[in-house]
Amino acid sequence: MKSSSTISLLLIANAISGISQGITMLAVPWYFTGIINQEGLFGDIYFVVTLVSLFWGVYSGTLIDRYNRKSIFLIMNIAGLFILGGVSAYGYFYQELPWLLAGIPFAATAFIYNLHFPNLYAFAQEITPKKDYVRVTSLLEIQGQISFTVAGGVAAILLQGLDGSGFHFLGFSFLENFKFKPVEIWTIFGINSFTYLVAFAIIYNIKSFTKVKKGHEAASLKKQLEIGFSFLHKNPLLLRFGVVSLLLFLTVIVFGTQLSPMYVKLFLERGGDAFAISDMTFSIGALLAGVFTARIFKQDQNISSLIALNAIAGFMYLAMIATKLTILFYMANFIIGFCNAGVRIQRITYIFHHVPNEVIGRAGSVFFVVNILMRLMLIGLFALPFFHTPTTILYPIILLAVICVSASMFLLKDYKKLIEVK
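If you want my numbering, it's the 1-based position in the sequence shown plus 715.
Keep in mind that the hints were calculated from the coordinates and are not lab data. You can trust all of the hints, since none of them are fake.
List of simulated lysine to aspartate or glutamate pairs, DMTMM-like, C-alpha gap at most 20 Å:
id : residue 1 : residue 2
1  : 896       : 988
2  : 894       : 988
3  : 896       : 811
4  : 949       : 1129
Just need the whole structure built from these sequences, with the hints factored in.
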């Protein structure tokens, strides 16, 4: 089957670039928080990047629906290659990296990420028979989380190095008697830039084909956006669903990028290895969700599973503030990872069934914009120095728990209407 070979190549390329994205998104926050002790500065950078993403997210949705999705992948990988490669070259040449240049790869990776995944899912929907939506979304989630699991392990070693005592994870010790010095952050960027080149070569050889006819290709940006807003205005239930079902992801991205490095440093009093390992356990949980979600929850249980998974994630955030045990932190990340991936799979499957492919990018832009606005409020709030102490760092985590439980309640309120949508 032609689409099967296309999906396979897409998965391979996505795995390679996913590892690169994962390492960068782990390395930069810890570089600012744990190495140069500028967590407040990173909070400001993250706020600005998210603010720009608000406008970029709107525009990226129109790009996905307007242009060839294979070409979009190629351009993204070329951009990643030159931006990260350029910053890496500067670091090698001068043997130092100003904080601004350290932040550029983070911003570039965030912008690529914001376009990459909507484009990936839109392309997958485009070439996948309707009966295979759950299987394909599960495969994408499994592959993505394998990439982030590998990224977590690699980042832990690159950031902290190995002193011969081994790499410790869940009571097991690996690579004992092996010594490895921590690498400079520009070396990490250089490695990551190479993975973009490999992903480009793979995607270039994909023979893309389209099963869905796109409309409105020649329309202006304003008209493109109006189409997405118009569709959701006519379907307010889908608008509410799209926004609320993204709330868990909102908490995950804010915690993982902004709060987790500070939580590990201030509350747990641990190093970059604990931060990277927590991301690894998160990814392992998400990986298992990709394997078992379709088996645990039937296709007609999309909404009930979303309600349950959001509530469980909320309670796991509360568990994090109960003790300083690092193992509990890992376990909470594991369960939240499972819940987040399960929600992503069920959410995307539901949207695949109810949003036409020719408007899915623009509809996704609307959901993204609302999510970004909420993210901006949280990032701006948590960037305040008040929250940067061992005690007050727990307050934002409590708020994340409240958001997850609230999402469950909103979905429960619309439960009957959502399961009746044709």
